[in-house]
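Student: Residue-level listing of the chains:
Number of protein chains: 4
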Amino acid sequence: MIIVMKPSASKREADDILAQISGAGLKPLYMPGTERVVLGALGDERTLYGLHLENNPAVERITPVLSSYKLVSREAHPKNSVFPIGPVSVGGSDLAIIAGPCAVENPEQMATVAAGLRKLGIRILRGGAFKPRTSPYSFQGLGLEGLKILKAVSVENDMACITEVVEVADVETVIPYVDALQVGARNMQNFRLLTILGKAGKPVLLKRGMSATVEDLLLAAEYIVSEGNPQVILCERGLRTFETAYRNTLDLNAIPFLKLHSHLPVMVDPSHGTGIRELVSPMSRAAVACGADGLIVEVHPSPKTALSDGAQSLDLEQFARFLEELKPFAVAAGKTLK
Amino acid sequence: MIIVMKPSASKREADDILAQISGAGLKPLYMPGTERVVLGALGDERTLYGLHLENNPAVERITPVLSSYKLVSREAHPKNSVFPIGPVSVGGSDLAIIAGPCAVENPEQMATVAAGLRKLGIRILRGGAFKPRTSPYSFQGLGLEGLKILKAVSVENDMACITEVVEVADVETVIPYVDALQVGARNMQNFRLLTILGKAGKPVLLKRGMSATVEDLLLAAEYIVSEGNPQVILCERGLRTFETAYRNTLDLNAIPFLKLHSHLPVMVDPSHGTGIRELVSPMSRAAVACGADGLIVEVHPSPKTALSDGAQSLDLEQFARFLEELKPFAVAAGKTLK
Amino acid sequence: MIIVMKPSASKREADDILAQISGAGLKPLYMPGTERVVLGALGDERTLYGLHLENNPAVERITPVLSSYKLVSREAHPKNSVFPIGPVSVGGSDLAIIAGPCAVENPEQMATVAAGLRKLGIRILRGGAFKPRTSPYSFQGLGLEGLKILKAVSVENDMACITEVVEVADVETVIPYVDALQVGARNMQNFRLLTILGKAGKPVLLKRGMSATVEDLLLAAEYIVSEGNPQVILCERGLRTFETAYRNTLDLNAIPFLKLHSHLPVMVDPSHGTGIRELVSPMSRAAVACGADGLIVEVHPSPKTALSDGAQSLDLEQFARFLEELKPFAVAAGKTLK
Amino acid sequence: MIIVMKPSASKREADDILAQISGAGLKPLYMPGTERVVLGALGDERTLYGLHLENNPAVERITPVLSSYKLVSREAHPKNSVFPIGPVSVGGSDLAIIAGPCAVENPEQMATVAAGLRKLGIRILRGGAFKPRTSPYSFQGLGLEGLKILKAVSVENDMACITEVVEVADVETVIPYVDALQVGARNMQNFRLLTILGKAGKPVLLKRGMSATVEDLLLAAEYIVSEGNPQVILCERGLRTFETAYRNTLDLNAIPFLKLHSHLPVMVDPSHGTGIRELVSPMSRAAVACGADGLIVEVHPSPKTALSDGAQSLDLEQFARFLEELKPFAVAAGKTLK
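Chains as they are written, first to last, in the working numbering: chain A, -17 to 320; chain B, -17 to 320; chain C, -17 to 320; chain D, -17 to 320.
Keep in mind that the hints are not guaranteed to be accurate.
Pairs involving identical chains hold if they fit within one copy or between any two copies, as the list cannot separate such chains.
Taking lysine to aspartate or glutamate and the EDC-like style, the derived pairs with C-alpha atoms no more than 16 Å apart in a straight line are [what the hints assert, rightly or not]: (1) Lys(-12) <-> Glu57; (2) Lys286 <-> Glu299; (3) Lys286 <-> Glu(-5); (4) Lys317 <-> Glu307.
Derived from the structure by calculation, the hints contain no laboratory data.
Using the sequences and the accompanying hints, generate a full structural model.
Tutor: Next up, the structure:
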């Protein structure tokens, strides 16, 4: 840790901090410059966080030398994490495709979409049962009823399934119905939810918040892993920026960056990441080309009548074409579509 | 509602939508232009949301004519909403000051700060009991123990108090201990929490999310109000932008904008809005000058040893000076410091 | 054009605007709703811009039906624009690769890099002669001397070349030395420069500003095209967002969006778009996968000693590997590396 | 300067950098940590910029200890810079108000507005002669003709005047006609223009770019000052963020931050900073309350017919009210309206 003192800081204020550093078992360093005094702390600086040196009015700025996450970093764990969701292996040479509607609406809708997807080779079905919506006047999901439908159609079609948990109180209800749990962008920093999912014993797909940095995302993953669940998938789904031509600005830089700095699998959600049906296929190809381990795509049997996110959903025919367009890029990336 | 059709849309596709508009009880309008067909729907367009016309592949763009919020709008309710938190009246001619530490740390800290604040005339005490933190390795708050301390010292000093509720499951626990409830920026779109607070029967201070638009904020308030609780305070606390010189970019444009479009009281959090101790006083003066109804300020008896947010906290002496500096601007704004 | 009146607007104020619309030769439309009056204007609404209806205090909001650009839109010109830079055809089935250092530093550097690139099959050389830099204390480029070096080595190696014009006054100086001209991100809205480049008679690579929307970019291109130069290449090079892990946030959504809405070729700059050497190759593959017509990549014979942008530059060996990694994705995209 | 090495960096690579630091005349420091080696350089680190250590592939990250600007910093020059524009003293106890239309449209418009402003006590007139516009189809200003009108009416009314220079080539033309020069937001990093203005001998109002950090702004000011012109006014005019309710997000945090870190005067443009007439007055009061030295406000005799920016312009009657509303806040801030 590097501590830059204010120009006005006295020798005594510096000594005080050096003593704190020693007291915490690290090696202190005193570097008097021409315009500022700089202090250093050699050793595991994470033990210094508890001292809150940033509160000290004599301190101008603190620069950590180490990243603030540890368990999820590639430095700690150089090999890729690989784990299964149903028959699909995530993080290795499979390109995992999760598909299905934004929301479970009724048994017929789910039966149609699941059968259609299974015929195209898809093995992981998605469908939302609890739908937090921006407006109180929108459809809010079927709840438990939706979970049961999701489970039934996925068993029937020999598929694994995944759904979003919105609330700490729902975690126990949801777990028996699904093979993996999803944390939505708005909940990425719901730390109590993360803590509980750290004990869920099932893979967690963690969506990046729309104004979260990649470091925030890695710290959120660290919460889950530090509670004992190493099966976390990082998922990029678009940032909120000044650009209004699309629903979000998909940040694909994050894919190779996360693969470089973490051993966890990384997926991309091209549906929320664009909000525009015509962009889903090209951005999925791009995601695969820069190293994504999988995609989560909204598919609805009849997007025109969908109760949510219809404008960014593909119908089954469009999705079949999507897979055709994707295949050569998966091959170029050395991945097998699953 | 204005519906712009794609250039490729057929007459039949337009007719189909016009029929849907009629069917919903609104007056349809057909406007063929030189390059696009435009459709209109006259009447209460909020009933059209359920038709999801944006999903229709023949539609290029939909522009609502009315705002998506209703109960919180000034159009619906031209007079300012005014309601009390303890002895302070919020939304009227009082300038409500809420002060106290980020987190309740122990009884001595709270006793010192409360007595100091009360002596300076402050009547609403803040203090966090549940602290969701970015890193799993940081202090997470005292929980119920913290609530009890907060309640005890506020009673002792004849002050009202407010704390943040982080979780649906905590609402019932928290209510008896406080005079008002706070929703943090990360929970602004925790719609289940908002729904429950709609039945809390106590004022709710709703913080704007760091990437939420003012419309998002008004819609979140609409959730609470539509469940029966009209006592909502909107609170600006800074946006996440590309600027890294301060913790957040305080968006004061929002203050006069919200006062123009809504009847709800509007407060400002200059501590999170800047993250820099030296900026808290000038930005509080600015907030008051552009029409804020109140401020929520972090004050700690010893910021140097604070367990969270010390770098943006004022000590009691600094806070006394802060009030002195604020006073002439409150007077200029026609408000009485409370 | 759709004009939403304020709730307070009188019938007379609406009539006044309807008369203006008629007077401009468009068909006016009057749509009284329950809470607002809405007016419409049918016809070529671009002629209405001169009326500045947005200034009218009785108007709440104006929504154009048509896009504000015309010549560059795919509606106006459904086929892809294809034109050559030297031996490379841009916008068609060639994948155009422009490579070279950020700045021309000296003849040896340029000779080495040009020979190395040519051997790898590259036909368009880049190199900056005028370098506007954020700090007055940084290297500012060789100017005319740099242009001469660039020209000489490109002729020697049978390559075309491109350089940035920073200033209206430089355009005439630069034109004879290069095969194409580049407009930097900071100059994207230097409208006088755009106007002059509209008469340059050579292709212009127009970089998107770091806070420009895709609509802003298309309007900037419209400036050049409307002055008579149809050879414009749109270039995405990253946005400034809150994310600080990389120099910029490369917005690849823009690629398929621009290809959908415009007939102009679209390129990507993965060097500025990431600022990190390790991300250049994966993001180039992603760009090609989502439809880019070309790439502009920083290559320096010795990035360690580069006078600018060394941290994002590839050396010749890394660039050879880059091309190997890119090839299968170009094939998958149906493009030929050039 | 603090240099964090990559975990993979060898002792030899570190030694190499230490030698470079010594060679540049600074004192090198070697700090081996448990997970990373950290190097330090004590002395005037600005001389190290030329070594481009950030290009070194063995380097993970570089943290400067000193700010990158020097002449404009308050450390270098603790007292406020104060200088006159006509009869108004900027940076001291005067609150300088610059008012006038966005664009000079014709002599009558200017005569009316100037006379009206003068009667209200305003002494600095603004008016644009060269208008760079987003769309090629908008009004582009009267050019030299506009300058002459501006000069004539300001002399007639005993006012000083200011106008924007858009282009290096215009500087000489413009100088004789005005008392101060304005650099627009889009030109904040037009470094050649800044360099020439460094020799202009007249005050320069430098507008912050809409995606420029405060550090970028200070570096741009450093360009002008380092060329010999110390009379620079920093001007905040709003950032481009995700918020679309207003034209820009006015960043008032910048005001106290810039006053803390620089000795230059700081002004605010509430017209562009909001884009909404109703917000101009409250945000001006806020600007004064947090320490602004002046305001630049758009006033037009007939905003309804203005050729540009009418929606954010005040008419003379509104501006008189604006001054009335501002006065008590100027008094509270200890400033005299000028």
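Student: Compare the structure with each hint and give your call.
Tutor: A quick look at each hint next to the structure:
{"no.": "1", "hint": "Lys(-12) <-> Glu57", "result": "between (33 Å within a copy, 11 Å between copies)"}
{"no.": "2", "hint": "Lys286 <-> Glu299", "result": "within (14 Å within a copy, 51 Å between copies)"}
{"no.": "3", "hint": "Lys286 <-> Glu(-5)", "result": "between (67 Å within a copy, 12 Å between copies)"}
{"no.": "4", "hint": "Lys317 <-> Glu307", "result": "both (14 Å within a copy, 14 Å between copies)"}
Of the numbered hints listed earlier, not one is contradicted by the structure.
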